[in-house]
Amino acid sequence: MSRLSGQTPGWPQDPASDHPAAKSDPALLRLHDFTVSLPGPVPIVRGLELSVGRGEALGIVGESGCGKSVTWLAALRLLGRNVTTGGEVLLEGRDIGRLSERDLARVRGGRIALIFQDPSSALNPVQRIGTQLTDVLCQHRGLGGEAARREALRLLDRVGIADGPRRLRQYPHEFSGGMNQRVMIALALAGEPDVLVADEPTTALDATIQAQVLDLIRDIRRETGMALILISHDIGVVGDLCDRIAVMYAGRIVETAATRDLLTRPRHPYTQGLLAALPTLDGPRRRLTPIPGTVPAPAAIPPGCAFAPRCPIAISRCERELPELTLAAQDQRAACLRLGEPVAFPGAPVPAALASEPAGVPA
Amino acid sequence: MTVLLDVRDLARAYPVSTAGGVRRTLHAVDGVSFSLERGRTLGIVGESGCGKSTTAKLTLGLLPATRGQITFEGSPVTAERDRHWRALRRRMQIVHQDPLAALDRRLPVGQQVMEPLVIHGLEANAGAQRQKALALFDAVGLRPDLFERFPHELSGGQRQRVVLARALVLDPALLVCDEPISALDVSVAAQVINLMQDLQMRFGTAYLFISHDLKVVRQVADEVAVMYLGRIVEQGPPDALFHAPAHPYTEALVSAVPTPLRGTQGRIILKGDPPNPVDRPSGCAFHPRCPRAVARCRDEAPALKRVADGRLGACHLVADAPAAAVA
Ligand SMILES: Nc1ncnc2c1ncn2[C@@H]1O[C@H](COP(=O)(O)OP(=O)(O)OP(=O)(O)O)[C@@H](O)[C@H]1O
Ligand SMILES: Nc1ncnc2c1ncn2[C@@H]1O[C@H](COP(=O)(O)OP(=O)(O)OP(=O)(O)O)[C@@H](O)[C@H]1O
Ligand code: SF4
Ligand code: SF4
Ligand SMILES: [Mg+2]
Ligand SMILES: [Mg+2]
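First to last, the sequence lines map onto chains C and L.
Using my numbering, you'd call the opening residue of the first sequence number 824 and step up by one each time.
Using my numbering, you'd call the opening residue of the second sequence number 72 and step up by one each time.
These are computed hints drawn from the structure, not numbers from a lab.
Model, not experiment: these values are computed from the prediction.
The C-beta atom is built at its ideal place from N, Cα and C for all residues, glycine as well.
Just so you know, not all the hints are guaranteed correct.
[Said to hold, decoys possible] A short, non-exhaustive set of chain C residues, derived as facing chain L with CB atoms under 10 Å:
| no. | residue |
| --- | --- |
| 1 | Glu886 |
| 2 | Ser887 |
| 3 | Gly888 |
| 4 | Gly1000 |
| 5 | Ala1030 |
| 6 | Thr1031 |
| 7 | Gln1033 |
| 8 | Leu1037 |
| 9 | Ile1058 |
| 10 | Leu1086 |
| 11 | Thr1103 |
| 12 | Leu1104 |
| 13 | Asp1105 |
| 14 | Arg1108 |
| 15 | Pro1115 |
| 16 | Gly1116 |
Turn these sequences into a full structure, and let the hints steer you where they fit.
So this is what it looks like as C-alpha cells:
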C-alpha cells in the first residue's frame, strides 16, 4: 500500500498548510493541553499531553473510566454537542480542531482511522459488508464501480477473510465476532490512514482470535508503516504490540515511556501499582498487591495529584499541587512530585512478566 | 484428602433449529468428569461457548443433565427442586461475572447478605442474622456503614464483595465462581483474588473457578481443566499445563496470551474460528484447526487418558503413561 503525504485525497485544502509548525513538528499527531468537558463542574480530561510519531505504535492503558476512550472520541469531535474541548489536536502541526465539520469528516477515516470499543455500533447492521467498504473507498479514495469492488476484495483478502465475492454480499450478523473485527480493520484500512486509533479492538474476542487480530495489525503496520494508537485496559495486549506506552489516570497522562522501560522500571506510583496488581503466567506465584481504593468519579477528582488518596508515598503537598509530566529518565516522563522515591509497591516492578518465554513445545 | 465433589461423564444437549429450520442437537457439554477436594481450587478455562458455564450450572443442579452423575458430600445432585436439593444448595453456592446483575437494585446490600439466612430459617432471630451478615461483611473487607447502601452506591469491587459475602453466609463447602473478576479493573481484581484466597484458607471452601484468563487461573488454581467444544482436553497442575502444554490446543491457548515484548516469536496462530458445537467435527474435534493434526485425527476421537507426568490429555500425539503409573 503506497501513501504519499500531501497528496492524500483525505487532506482538505488548507490555506494554513505552509504554517511553520506544519514542518517543524516531528509528531504525526499531537494532543496539546487537551481538555474535555461535559456539562458539569470538572473536566473529565485535563491538560493532556500526548504525541505519536510517524509509524509509531503508542499504547494507552489505565483503569476503566480514566478517559481513554473519551480523549480520542472528543479529539475527533465524535461526541455530542454538549461536550466542549480545549487545547489543540495537531495533525502534522495543524490544528484539526479548527476544521469545518465537512473537512474533519474527510480526515476521519482518511488520514486518521478509528476502530471503536463496541464493534456492533460501528458496523451498520442493515448494510452489506461490500456496500460499507465501497462507500468508504468512494468517500476517501474516490474509487467507484469495478475499481472499488476490486479494492474491497483485496482488503478482505488482506485481513484474512476468504471467499470475498460471497462475503461482500453478506451482513455483519452473518459473521463471527472475530470476522466482524477484521471487517472493521478492513474498513479502517480502506482510507489508507497514516494512523489507526484502535479502542479495545480485541477485548470482546476469544484468546486465539485476539491473537489472530493482534497479529494482523502487526503485519499491516510492518507493510504500510501506519502509526497506531492502541487503547486497552490490558497491559499485556499493549506491551505485545506497542513501542511506547502512556498510562492514564483520572483524565491525565501520568507516565509515558518506551514499553520495556515502562514495564521494567516504572517511575510513577500508579504505574508501579498497576504492574504489582497483575497476575503473571510465569515466574513464582506471589500474592498480588492491589492498589488500595478505587478510581475517583470525574466529579470527585481530588485537587492536586488525583492519585494522592491511593498513593502509598503521598505527602501533604500532593493534595495541593498538580504534578506536571517531567523527565524521569531518558525518554521517560512521569507526573509525580516525588519521583525518585523508593519503589512504592512491594510487588513492582515485574521483570517476571518480561522474562516470559514462549511456552515450551511438548517433548 | 476427601473428595467433596465428583462429576462423572456429565453431558448436556440442547435441541436447536438451524437457519434452514432443520432440527439439530447442540452438545454444550459432552462427557465431562472431574473431582474436587475440600479446600482446593479447580480452574476451568477455554474459549467462549466451550461449555464452562453449562458445566457450572449442571454441577449445582441448576440445569438438568442429559447424562452423567454428580456426587456432592457423598449424595447425588439432581436438578429436582426438592428438599434434598435445597439442603444441598445451602452447601454449594455460585458467584457470577456481573455483580450488579446478581444483586437486587431496590434492596440495601446488607439485607441481601442476610436474605439466605432468612430463607433457610437459620440463626435464632433477626438480630443474630444481622450479626452473622455483619461478620461476613467484615470477612470480605466491607465497612459496616455500607450495610444500608444500595448496590448502585457501591464500587464494582465492593459489589463483588457483597456477592461473595452473600454466597459465603451459609458456610458453603463449594463455591462455583463463573468469571468472578472478569468485569473488574486490574487493581480491584487483585483485591478480590486475594480475598478469595484468604477466605479459602480461613473457611476451607473449595472453588470451581471458571475464567478465560489463564493468568488469573494460574494465580488461584491447584489444578486446571482445559475445555474445547464441551470436553476436557487436558487437565493437570497450572504450571505444568501452562509451561509445558501437552495438548496442541492448550499450547495454542497459552501462546495466545498477550505477553509484553514477545513480538510474534513462538506464537501459534490458529486458523479459523472455534467450530459451531452443532457441527462437531469428526474424530478429534480440534483437528480442523490443529497445527499438528495427522490423518488419524480426522476419524478417530482421542480419549482423555493419563499421560507421562500424571496429567490428563486427549490427543493422539501425547505419549501414554507407563502402564504402572495408570493405576
Ligand atoms: N457521553 C458521556 N457523558 C457523560 N459522561 C461520560 C460520557 N462518556 C464517558 N463519560 C465519563 O467519562 C469518564 C471517562 O470515560 P471513558 O469512556 O473515556 O473511560 P475509559 O478509560 O475508556 O474506560 P473503559 O476502560 O471502561 O472503556 C467516565 O467516568 C465516564 O463515565
Ligand atoms: N439454553 C440454551 N439453548 C441452546 N444452546 C445453549 C443454551 N445454553 C448454552 N447453549 C450453548 O451451549 C454452548 C456452551 O455454552 P456455555 O454458556 O456453557 O459456554 P461458556 O464456555 O460458558 O462460554 P462463555 O465463555 O462465552 O461464557 C454454547 O454453544 C451455547 O451457545
Ligand atoms: S504526586 Fe504525590 S500522590 Fe501523586 S503519585 Fe506522586 S507521590 Fe503519589
Ligand atoms: S488428536 Fe490430532 S487433531 Fe487432535 S489435538 Fe491431537 S494432534 Fe491435534
Ligand atoms: Mg473505553
Ligand atoms: Mg460462560
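Given Pro1115 (chain C) as an interface hint, is the shortest Cβ-Cβ distance to chain L below 10 Å? 8 Å, holds
Practice task
May I ask you to test the interface hint for Ser887 (chain C) with respect to chain L, counting a Cβ-Cβ separation under 10 Å as satisfied?
Solution key: It holds, given that the least Cβ distance between Ser887 (chain C) and chain L is near 5 Å, below 10 Å.
**Prompt:** Is the shortest C-beta separation between Gly1000 (chain C) and chain L less than 10 Å?
**Reply:** 8 Å, holds
When the nearest CB of chain L is found for Thr1031 (chain C), is that gap smaller than 10 Å?
-> 5 Å, holds
So, as I understand it, the hint says Ala1030 (chain C) touches chain L; can you test that by seeing if any CB pair is closer than 10 Å? 4 Å, holds
Does Glu886 (chain C) pass the interface check with chain L, least Cβ-Cβ distance below 10 Å? 4 Å, holds
Holds or violated: is there a CB of chain L closer than 10 Å to the CB of Leu1037 (chain C)? Cβ of Leu1037 (chain C) sits 7 Å from chain L, so the hint holds.
Closest C-beta approach of Gln1033 (chain C) to chain L relative to 10 Å, hint status: 7 Å, holds
Subject >> Minimum beta-carbon distance criterion (10 Å), Leu1086 (chain C) to chain L >> reply: Leu1086 (chain C) check passes; min Cβ-Cβ to chain L is 5 Å, inside 10 Å.
Exercise. With chain L as the partner, please determine if Gly1116 (chain C) meets the hint condition of a C-beta pair closer than 10 Å.
Key: 8 Å, holds
With a cut-off of 10 Å, does the beta carbon of Asp1105 (chain C) approach a beta carbon of chain L closely enough for the hint to hold? 7 Å, holds
Given Leu1104 (chain C) as an interface hint, is the shortest Cβ-Cβ distance to chain L below 10 Å?
With Cβ-Cβ at 5 Å, under 10 Å, it holds.
Checked against the numbered hints given earlier, the structure satisfies every one of them.
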